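> Just so you know, the sequences run in chain order Z and C.
In case it helps, numbering that gives the first Met the number 0 puts the first sequence at residues 0 to 97.
In case it helps, numbering that gives the first Met the number 0 puts the second sequence at residues 0 to 123.
Please keep in mind that the hints were generated in silico from the structure rather than gathered at the bench.
These figures come from a predicted structure and were not determined experimentally.
Be careful, since some hints might not be right.
[Stated by the list, open to error] Label pairs and their calculated CB-CB ranges:
1) Val9/C with Ala82/Z: 16 to 26 Å
2) Leu50/Z with Val68/C: 18 to 28 Å
3) His40/C with Val18/Z: 14 to 24 Å
4) Val68/C with Thr51/Z: 27 to 37 Å
We put the beta carbon where it would ideally sit given N, CA and C, even for glycine.
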Amino acid sequence: MMFAAATIAIFVAMLLVLVRLYAGPTLYDRVLAANTFGTLTVLLIGVLGFLTERPDFLDISLLYALINFVGTIAILKYFRYRAIGDKGANRSDVKVEG
Amino acid sequence: MSGLEILRDVLSWALILSGGFFTVVGAFGVWRFTDFWARLHASSVSESAGMLLLIGGMCVQAGFTLVTVKLIIIGIFLFITGPTATHAVANAALVSGRRPIEAAGLVGADPQMPMPNTLSAEQE
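Bound conformation, chain Z alone (with noise of 0.2 Å):
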């Protein structure tokens, strides 16, 4: 009952931060609901797995807590540099966009 509470409550906030992603006028209102979802998707996993009492979902919500992290640096990254594998040689000639 405890968990069928916390996981409506978690669909209300990813419905929320979904609209953000959708409507977000800049990149980075973009990617920071995009951060939000993912973490609030390592909650909803994990509360799913104690809603179905098979609380071996947790270790693929910590596998998904770590893609998110590193998936949001990456996305930051390509559109700093326009690169994600090497540093973005002359920082002068980085156009950022946004």
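For this one, chain Z is given, so just place chain C on it according to the hints.
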């Protein structure tokens, strides 16, 4: 139902309800706030406070098991990476020339002039 179980249920109900409350409030702020910099604050509410309370509630419900250890690991990881990712987003927006409306007239409010300690120190 023994007294200890009732205490445990009450404690985890309180933690999970308050965690859900903070999560929804933070997401509501992400949805409704007008400024990007204000939305940063709102997202930290659901990312830090709501996350920690929900995970604490799940820990209380799980008891002394391996599940609690995993939950604590997830909590520590999210507690470190959440503010780091938020700071990375904020720094990227600042470097791209975005400034808060309230900063008009203050030091560094001109997007053409890099803020102290962001770009100029690394370029040399």
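> All hints, please: hold or fail.
Verification of the hints:
1. Val9/C with Ala82/Z: 16 to 26 Å: Between valine 9/C and alanine 82/Z, where Cβ atoms are some 53 Å apart, the hint is violated.
2. Leu50/Z with Val68/C: 18 to 28 Å: About 20 Å separates the Cβ atoms of leucine 50/Z and valine 68/C, which means 18 to 28 Å holds.
3. His40/C with Val18/Z: 14 to 24 Å: 18 Å, holds
4. Val68/C with Thr51/Z: 27 to 37 Å: 20 Å, violated
Against the hints set out earlier in the document, violations occur for numbers 1 and 4.
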